[in-house]
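Enquirer: Okay, so the sequence shown: first residue is 1 according to this note's numbering, each after it adds one.
Think of the hints as simulated: they come from the structure by calculation, not from any bench. By construction, the Cβ of each residue, glycine as well, lies at the ideal position given by its N, Cα and C atoms. Wrong hints could be hidden among the right ones.
Unchecked claim - Pair ranges (Cβ atoms, derived): (1) L50 <-> V30: 18 to 28 Å; (2) T24 <-> G56: 11 to 21 Å; (3) K69 <-> A45: 15 to 25 Å; (4) G54 <-> A28: 12 to 22 Å; (5) S57 <-> R25: 17 to 27 Å; (6) K69 <-> L40: 34 to 44 Å.
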Amino acid sequence: MPRQMERQRPTSYNTFGNLSVPGTRAGAIVSLGLVVLAWLVIPIARPFILGTGGLGSVIGLILWRKHNKQL
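All chains, full assembly: derive it from the sequences and hints.
Expert: In structure tokens, the structure reads:
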């Protein structure tokens, strides 16, 4: 009777890998490149990208204004 091989568990639970992006200009370039790549390759993600970009911009501007008023 042949032995059945045990299934190995993945070392990472993240299906996209462990990509860390630093908060520097190089990290901004990498992030922008990932967004452009996702925009071109995954058409179904376009509304999500637009929505997160728009919502992030609005929240960022509100927080920026609030921070500058306190100074």
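Enquirer: Now tell me if each hint is right for this structure.
Expert: Results of checking the hints against the structure:
1. L50 <-> V30: 18 to 28 Å: Holds, since L50 and V30 (Cβ atoms, about 20 Å apart) stay within the stated range.
2. T24 <-> G56: 11 to 21 Å: holds (19 Å)
3. K69 <-> A45: 15 to 25 Å: violated (36 Å)
4. G54 <-> A28: 12 to 22 Å: Cβ of G54 to Cβ of A28: about 18 Å, so the range 12 to 22 Å holds.
5. S57 <-> R25: 17 to 27 Å: Because 19 Å falls inside the window, the suggested range holds.
6. K69 <-> L40: 34 to 44 Å: holds (39 Å)
The earlier numbered hint that this structure contradicts is number 3, and it is the only one.
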